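Enquirer: Sequences are here, hints too, so could you generate the full structure?
Each chain is listed here by its residues.
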Amino acid sequence: MENVIPYRLQIIAIILALCFMFFIFRLIAKGKLREEYSFIWITCTGLLLLFSFWRNGLDVIAKLLGIFYAPSLIFLGAIFAIVIFLVHLSVVNSKQHTQIKDLAQEMAILKKKLEENEKLYSNAKID
Amino acid sequence: MKSKLKVALIIPCFNEEESIPGLFAEIKNTRFSEHVSVTPVFINDCSKDNSKQILLNHTIEFIDLPVNLGIGGAVQTGFKYALREGYDVAVQMDGDGQHPPSELQKILDLIINNEADVVIGSRYLTKEGFQSSSLRRAGINYFKWLNKKLVGVTIFDSTSGYRALNKKALKIVADYYPDEYPEPEAIILYALHNLKIKEVPVTMRERQGGSSSIKTYKTVYYMFKVTLGTIFLYIRLKFNGKRYTL
Numbered sequence: 001m002e003n004v005i006p007y008r009l010q011i012i013a014i015i016l017a018l019c020f021m022f023f024i025f026r027l028i029a030k031g032k033l034r035e036e037y038s039f040i041w042i043t044c045t046g047l048l049l050l051f052s053f054w055r056n057g058l059d060v061i062a063k064l065l066g067i068f069y070a071p072s073l074i075f076l077g078a079i080f081a082i083v084i085f086l087v088h089l090s091v092v093n094s095k096q097h098t099q100i101k102d103l104a105q106e107m108a109i110l111k112k113k114l115e116e117n118e119k120l121y122s123n124a125k126i127d
Numbered sequence: 001m002k003s004k005l006k007v008a009l010i011i012p013c014f015n016e017e018e019s020i021p022g023l024f025a026e027i028k029n030t031r032f033s034e035h036v037s038v039t040p041v042f043i044n045d046c047s048k049d050n051s052k053q054i055l056l057n058h059t060i061e062f063i064d065l066p067v068n069l070g071i072g073g074a075v076q077t078g079f080k081y082a083l084r085e086g087y088d089v090a091v092q093m094d095g096d097g098q099h100p101p102s103e104l105q106k107i108l109d110l111i112i113n114n115e116a117d118v119v120i121g122s123r124y125l126t127k128e129g130f131q132s133s134s135l136r137r138a139g140i141n142y143f144k145w146l147n148k149k150l151v152g153v154t155i156f157d158s159t160s161g162y163r164a165l166n167k168k169a170l171k172i173v174a175d176y177y178p179d180e181y182p183e184p185e186a187i188i189l190y191a192l193h194n195l196k197i198k199e200v201p202v203t204m205r206e207r208q209g210g211s212s213s214i215k216t217y218k219t220v221y222y223m224f225k226v227t228l229g230t231i232f233l234y235i236r237l238k239f240n241g242k243r244y245t246l
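The listed protein sequences correspond, in order, to chains A and B. The first sequence lines up with residues 1 to 127 when you count with the working numbering. The second sequence lines up with residues 1 to 246 when you count with the working numbering.
None of these hints come from the bench; they were simulated from the model. This one's a predicted model, so the numbers in the text were calculated from it and none came from an experiment. One should not assume that every hint holds.
[Stated by the list, open to error] DSS-like mimics (lysine-lysine), calculated; alpha carbons at most 30 Å apart, straight line:
| id | chain 1 | residue 1 | chain 2 | residue 2 |
| --- | --- | --- | --- | --- |
| 1 | B | K168 | B | K238 |
| 2 | A | K111 | B | K144 |
| 3 | B | K225 | B | K144 |
| 4 | B | K48 | B | K225 |
| 5 | A | K112 | B | K52 |
| 6 | A | K113 | B | K28 |
| 7 | B | K171 | A | K101 |
[To be verified] Taking beta-carbon pairs under 7 Å as the criterion, some of the chain A residues facing chain B (in silico):
| id | residue |
| --- | --- |
| 8 | Q105 |
| 9 | A108 |
| 10 | K112 |
[Claimed, not checked] Using C-beta positions, here's what the derived DEER-type ranges look like:
| id | chain 1 | residue 1 | chain 2 | residue 2 | range |
| --- | --- | --- | --- | --- | --- |
| 11 | A | D102 | B | N50 | 24 to 30 Å |
| 12 | A | E35 | B | K168 | 38 to 44 Å |
| 13 | A | H88 | B | K148 | 35 to 41 Å |
Cβ atoms here follow ideal geometry from the backbone N, Cα and C, with glycine treated the same way.
Expert: Pasting the structure below:
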């Protein structure tokens, strides 16, 4: 089968994938991206790299799955991955919501206790 | 001789500067039976008006939340506080003056006599006082039906926020309490923990100031949110064991 993708495009794809990978690693190294969230991004860069080297990969997989128009596989896979990741972010968000609520409550109660203690202390000093 | 029951009167306030001084004075002037000692604890839910300054000026005991948590989170702060400070009973009361302190004794009596774990002050048992709009009442009838279907308890005024909880109930709500529009959902929570819920008729007033947390245009969202919350809480407690963990 003849290659549809010209070499120039392949080289650009590989460079972009490597740049993306470098960017992700830098974020992790700097501590701006937590390891548990970086997992999904490392997998993504891996896939990008894989398909930029394996030129016929998309066609092969599409044929295996019985998909007639191979590029639609990209959309299917990408949209599916995005939806899953968005749900994951919502879960993280909900968890943080509860944690922030608990922290705020804890802080408010402690603040009240602290003020009471300060009052007691200053009264004792006057006596 | 029985020792006095310590009662924490939890009053969440969000922009209630107009009603706080009046409400506080009213609580101070209300005579309660010799079996209880009532301590009002205001919860300032990060009000944008002068509520905090007014609370300070009147030397009212209050808890000051650093961020706005909404009614559920604010009330729960009070529950947690009451439980830690060793109160026997916690009563939640709206900060807008809808719930007259003079009716508090009626609600407390059922807890004092061990007749119920949770007592709800209801404005629909007798048709006295402020009765609210027909739309609101249609919603309340719907919740009555929903609660009956799910847990077999009939509560006439499931949106009433005038409630007393004993220690057993306090332990549950300190662990989990719904955030937004918590009242109807909380009934499911109590019922599935096998708490005894009772309603007593109280006369409510029209709000003295501020605005309701439930606005007309939000009614659809309210119904949807509460229905969803109620059903999922039911499923969670029914099938995942009683304790709530996240």
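Enquirer: Could you check the hint for me, namely that D102 (chain A) and N50 (chain B) are 24 to 30 Å apart, CB to CB?
Expert: For D102 (chain A) and N50 (chain B) the Cβ distance comes to about 28 Å; the hint holds.
Enquirer: Would the hint on A108 (chain A) be counted as holding, given a Cβ-Cβ threshold of 7 Å to chain B?
Expert: holds (5 Å)
Enquirer: If I claimed the Cβ atoms of E35 (chain A) and K168 (chain B) lie 38 to 44 Å apart, would that claim hold in this structure?
Expert: Since the Cβ atoms of E35 (chain A) and K168 (chain B) sit about 43 Å apart, the hinted range of 38 to 44 Å holds.
Enquirer: Given Q105 (chain A) as an interface hint, is the shortest Cβ-Cβ distance to chain B below 7 Å?
Expert: holds (4 Å)
Enquirer: Mind checking the alpha carbons of K225 (chain B) and K144 (chain B) for me, to see if they're no more than 30 Å apart?
Expert: holds (16 Å)
Enquirer: Within a Cα-Cα threshold of 30 Å, do K111 (chain A) and K144 (chain B) meet the stated pairing?
Expert: Status violated; Cα separation ~39 Å.
Enquirer: Do the beta carbons of H88 (chain A) and K148 (chain B) sit within 35 to 41 Å of each other?
Expert: holds (37 Å)
Enquirer: Holds or violated: K168 (chain B) and K238 (chain B), Cα atoms, limit 30 Å.
Expert: It holds: about 19 Å lies between the C-alpha atoms, which stays within 30 Å.
Enquirer: Does K225 (chain B) lie within 30 Å of K48 (chain B) when you go C-alpha to C-alpha?
Expert: holds (26 Å)
Enquirer: Check whether the Cα positions of K113 (chain A) and K28 (chain B) lie no farther apart than 30 Å.
Expert: Given pair K113 (chain A), K28 (chain B) holds - Cα atoms ~23 Å apart, limit 30 Å.
Enquirer: Holds or violated: K112 (chain A) as interface residue toward chain B, Cβ cutoff 7 Å?
Expert: It holds, given that the least Cβ distance between K112 (chain A) and chain B is near 5 Å, below 7 Å.
Enquirer: Starting from K171 (chain B), check that the Cα of K101 (chain A) is at most 30 Å away, please.
Expert: Roughly 18 Å between the alpha carbons, so the hint for K171 (chain B) and K101 (chain A) holds.
Taken one by one, the earlier hints fail for this structure only at number 2.
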